[in-house]
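*Asks:* Starting from the known structure of chain L, fit chain C onto it as the hints suggest.
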Amino acid sequence: MTNKKFAQRIGCVALSLFLSGCIPKSIIDEVSLMHYIGFDREKKMLKASVVYPNYATEGNSTLLTAEAKNPSSLQNELGHKSQFEYEVGQLRVMIFGDKLSRYGLADVLDTICKDPKIGVIRIVISDGSPDLILRKTLNKSPLYLKNLIDKSIEDEGIPDINLHVMYDQYFGSGIDMSFPNLKVDSKGDIKIDGMGIFKGDKLKFKISDKEAFLLKLMMDRNKNGVYSFNLDKNEHKGNIGVRILYGKHKVKVIKEGNQEKAKMDLTLNIKLEGLPKGVKLEKERDLILFKKALQKSISTEAESLLKDFQANGVDPVGLGRIYKVNRSNYSEQNFYKMIYRNMKFDVNTKIIVRQTGVGNIES
Amino acid sequence: MVKNDTDSDTNTNQKPIVNHSTFKEVIDAAKKSNDFKEIRKNISTSMVFISYFNTLIDRDIMQKVLLPYIADYEPRQNEVLDLHTFQKDLPLEDVVKTSDIKEIEDKIYKGYVLIKLENASDECLLINVSNSSTGMRQFNETENEFSVTGPKIGFVENLDMNISLLRKKLKSPLLVTEELVIGTLSKTRVMMVYLDGITNEEHIKTVRKRLSNIDFDIVWDVSALDQIISDNSNTPFPLYLTSERIDRISYTVSNGQVAIFSDGSPYAISGPCTLLDFFISPEDYYYNWIIGSLFRLIRILGIFFSIFTSSIYVAVVTYHYEMIPGDLLGPLIKTRANVPFPPLIEVIFLEITIELLREAGARLPSKIGQTLGIVGGIVIGQAAVAASLTSNILLIIVALSALASFTTPIITMSNSIRLLRFPFIIMSALFGGLGIILGITILLCHLFNLKSFGTPYMVPLYPFRIKNFNDSFLRLSYKKINKRSDFLHPKLKMKYSPKEREKRKEDINDE
Chain L
1 MTNKKFAQRI GCVALSLFLS GCIPKSIIDE VSLMHYIGFD REKKMLKASV
51 VYPNYATEGN STLLTAEAKN PSSLQNELGH KSQFEYEVGQ LRVMIFGDKL
101 SRYGLADVLD TICKDPKIGV IRIVISDGSP DLILRKTLNK SPLYLKNLID
151 KSIEDEGIPD INLHVMYDQY FGSGIDMSFP NLKVDSKGDI KIDGMGIFKG
201 DKLKFKISDK EAFLLKLMMD RNKNGVYSFN LDKNEHKGNI GVRILYGKHK
251 VKVIKEGNQE KAKMDLTLNI KLEGLPKGVK LEKERDLILF KKALQKSIST
301 EAESLLKDFQ ANGVDPVGLG RIYKVNRSNY SEQNFYKMIY RNMKFDVNTK
351 IIVRQTGVGN IES
Chain C
1 MVKNDTDSDT NTNQKPIVNH STFKEVIDAA KKSNDFKEIR KNISTSMVFI
51 SYFNTLIDRD IMQKVLLPYI ADYEPRQNEV LDLHTFQKDL PLEDVVKTSD
101 IKEIEDKIYK GYVLIKLENA SDECLLINVS NSSTGMRQFN ETENEFSVTG
151 PKIGFVENLD MNISLLRKKL KSPLLVTEEL VIGTLSKTRV MMVYLDGITN
201 EEHIKTVRKR LSNIDFDIVW DVSALDQIIS DNSNTPFPLY LTSERIDRIS
251 YTVSNGQVAI FSDGSPYAIS GPCTLLDFFI SPEDYYYNWI IGSLFRLIRI
301 LGIFFSIFTS SIYVAVVTYH YEMIPGDLLG PLIKTRANVP FPPLIEVIFL
351 EITIELLREA GARLPSKIGQ TLGIVGGIVI GQAAVAASLT SNILLIIVAL
401 SALASFTTPI ITMSNSIRLL RFPFIIMSAL FGGLGIILGI TILLCHLFNL
451 KSFGTPYMVP LYPFRIKNFN DSFLRLSYKK INKRSDFLHP KLKMKYSPKE
501 REKRKEDIND E
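Going down the list, the sequences are from chains L and C. Quick note, the first sequence lines up with residues 1 to 363 if you use my numbering. Quick note, the second sequence lines up with residues 1 to 511 if you use my numbering.
Just chain C, with the same shape it has in the complex:
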């Protein structure tokens, strides 16, 4: 909460922003670019300048609406053209009359057309004919957060499209969007979205304050904002939920969280959230609650499996041979007998191989990526065992723990889990079982210290809220999860009130 308060003074003294004070300077600066066009037209005694960036505008509107409209004026030679009447009849919605140099400069770089009369005062007309969808992809299927059932619509790079998608899900007057412009170079439109009257004011204020305090050049993606506004930047854990799924974001917003969208990013972030939020998949809600809960528990189990198995292998094989069950001794020793490395090197070698495979698979086009998975997984794995670089059992352990880390629905979290494995492996190689326990202690201390927009990160566990277990570890039936989480302090607690169903006592034989 305290962060970014001292930024204001550093802003002023090192802003290398061009500061054009006159209209001419603005136009001259723009003319340096070749895609800046200036059309002169002679309408009723006065010269009209029409200037715009032809790469930013929508040619359709320009040619079918604006230019014919201006051409209409040309025959009326006797009338004195003034901007007021010109603006009044213009069949376009976003038209601004201004003499503010700053605004003019901002807007022509956003795709507005500037119209200025030669003789008139400084006032000129800015008409929005920008094309927001040029260069944007049109299909919006989710690319990374797959689901088997349920809608597969995701966000795209276009902010307006995203907001309209969200509004299609939440058709409520309560849904409020606040727009900010962030980035000294990119001037990116960033929108925070919340439910007015449900989301706690504190969260809205915090988010607004954090966002407006940002000083940054180019907002590459919403994830950059995520890192800048983060409560603690020295943590491997993501503090805000990042998702490309509409159902996921509308769910968090409806729960009383604040979502942040940024133009040009197909992801939205949402906060304040808790650690367990990252293991919720929208699919849990599309299945029956029993199946949903089971899958969620398996996913949470998968985290522990993923973080600890390879380190436990190292600890056991290096130090605690006593605790290996008798029947497992044979296979373990037999496969390890020919491996020349100590267990640490063996594990690190294989873990890095898996990370390489994943990284290579992510960089390659999807068709080659699949082949690589098979080649890497089967061929390299088998060959490594045959060449006695690793043992069979370790291969299974590492492959399974990599698999388990991929079950986490949110990619940022699954990355952090994969990262956490390495310190644990090193700790277990140094101190054995004690090292793992030490690692867990440090990890828990760190986790319990984390905050997301000022609310504790480990919520259902600390502070302990037994009621939140309904929809964190488990996913109970819709009847039971009709309240918003306590930790968000929503102004309206109930989401909906399920009606009591009439109890029927019919015997099946009564049919």
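Next up, chain L with everything else stripped away, as it sits in the complex:
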């Protein structure tokens, strides 16, 4: 090796050693990691509430709030109040308050979608201020809220919404955003309560838990959840909870005459846990009767939910997207102004009873 070459190599190493001082470090115990952040609007200002877990001392989490006129100065305001540099890389849940949701999320969403440190986080909205909910999590385990939402999505019939799905729904055409809704119930517990359906960046209206589950059936691959309905046929009466194990949904937009029609086929595999007195599934007649009643109930409720969406001018199912697939001259504006308004809905449900539990309770 010539001397020059050697000097060059040494130079490279030395340079990298010097330049390494320029790399911003974020040593894990010297940053303030936040798990939850809530945004709301208060007196025409943007208000953020942040929950920091105190891992080092194993104490309760800390809630900090700050107000500012725009999201960037909000970060600064928060920084003034925290011991270490504040980092969003471990953010797990983002909550938007009711007021901000109705006012519009555009400002906040534009800011967070530019930050690569924010991973796949859950986004929810809340009845009232997110402060109330975050305050309830302080004495719980640090990831309490995140686990609560994850579990609800996993098997309690809430559609799977996270940051990436949100980007797709917000920036993509032919579909509208929808977020799970959190509230604090009368006993002071945090609880998931239905969903909020958005039009653009504004909250349009909220739907109930049951409707959220129907929405999940029409959107998600995971269809785990419990559907309850009233069986009222012949002499069989009672309210039945049916656990849906898995299934498929198929959505088509077809033209019927000069009207577009959304045809939705649901195939659901269910598990029956309890039946009202008198219904015996061993009997062919009872089984058919029960299946028909359930199929009808799901179909009509789903149709009425779709009509609800239609009446409010929102499309969380993404019918516009499905319509777009086969049409080259699709325009989002045109679709929602002309076609979606007059669309007809037809939901067909097919039920397959997979499990009925062990033993025959009645005999």
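Heads up, a few of these hints could be off.
[To be verified] Not close to chain L: a few residues of chain C, all C-beta gaps over 12 Å, as computed: (1) M47; (2) D94; (3) N131; (4) E145; (5) I163; (6) D327; (7) I378; (8) M427.
[Unchecked claim] Covered, in the sense of this in silico footprint (three residues per stretch, anywhere, with C-beta under 8 Å from a C-beta of chain C), are these stretches of chain L: (9) 81-90; (10) 260-273.
These are calculated hints, taken from the structure and not from any lab test. C-beta: ideal position from N, C-alpha, C; glycine also.
*Replies:* Only chain C this time, still in chain L's reference frame:
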């Protein structure tokens, strides 16, 4: 291959070797040493000089065979003693009659007895009564490459013993040994061993050429030869397999590699070999192939674990806190909260502690070494955590990665793996995950460039040879590994041909 070709001219002009041209000079030079003995005997009119180094010869042979034989001549006063008849009846095998001064000088320093008649010409007799086993240890259990099952015989410091051990394993006329003498001061006997007609001529030629080109003073150990004949001396990786196990070396030789032994070294080196050869333990072949393959895979996994875990810890804790799973955040932060150092210093501190423990354990007698391991491992480790010099999690990581590096059966390779950890830790402290990737890229570029006796070092991976996976990453059943590796270009491909077993279709109930 090109190396050592220009050495010949430098040899000649700076050889400080004593150059005795006459017999008298040789003897005078030898007489300067006190262990050189000269006996004069008067046999039939002529004076006989018997000279030798009494430290080199075997006294038993000297006193029971040679001296009585000479004493036999003393009564025959009338006969004229001449060397020819003397040599003919001598009951010893290695007797040389020569007048070559150079040869005489070489041989008396190897333990030959010189017999010269005073009046006769320059011719004299050299009788080999050297004792090759003086000062050599007799037990030959493997000391460093342990195995639970299988033979535990290893090589010793005696070359002839080693070759005889190898011949006991490979009782084949194909096994050929070629002896060279290397070292201007040590005059060490070095032997290259190969299977004639199986090992490719190219490899034999390369090894022979590399060995004969060596100019060196003392061959301390065969590992010194390893470094001198190496294809690339600027690499942390050993390019030739070093082993003290007979089964390991006989396996490589039977595969078509050339093994090199050196007198005074309990190790043999074998090449050309590949990176994956270093992770083969003879034990793999003593277990069932499923278990053997599993252990081999675990060992290979251990390399990655050993090289990368501590650097990944540094990268994650310094830069990429985003990728820590939520449940791990608590324990990580809690243990690190009281540590005053940045992660780099913390890791280096602990890594060096482990290296110190290992080094101290290796230098100390084995009984103290064990105690030190326990004291160091448990007491220092716990105390370091309690004094919040390091975090608990890091202690586990570093201890495990040290443990993983010890699974490598060949010591030279396990040393290189432990060395590699440090550049990776520094790279990850400088550039985080990017640094680790950069390090991997540089490492791979280096590895793919390496050659062992002119054959590529990374063989089953590059050039890609799917068939060699049989006996590199995995250890398939003996039925499947009956061919020699392609990369060695053996002249005979098949090792053995397993017979098809008759397929029985017996039901267990038919008994």
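*Asks:* All hints, please: hold or fail.
*Replies:* Hints, one by one, checked against the model:
no.	hint	result
1	M47	holds (63 Å)
2	D94	holds (49 Å)
3	N131	holds (48 Å)
4	E145	holds (36 Å)
5	I163	holds (40 Å)
6	D327	violated (7 Å)
7	I378	holds (26 Å)
8	M427	violated (9 Å)
9	81-90	holds (count 3)
10	260-273	violated (count 0)
Hints 6, 8, 10, counting from the list given before, are not met by this structure.
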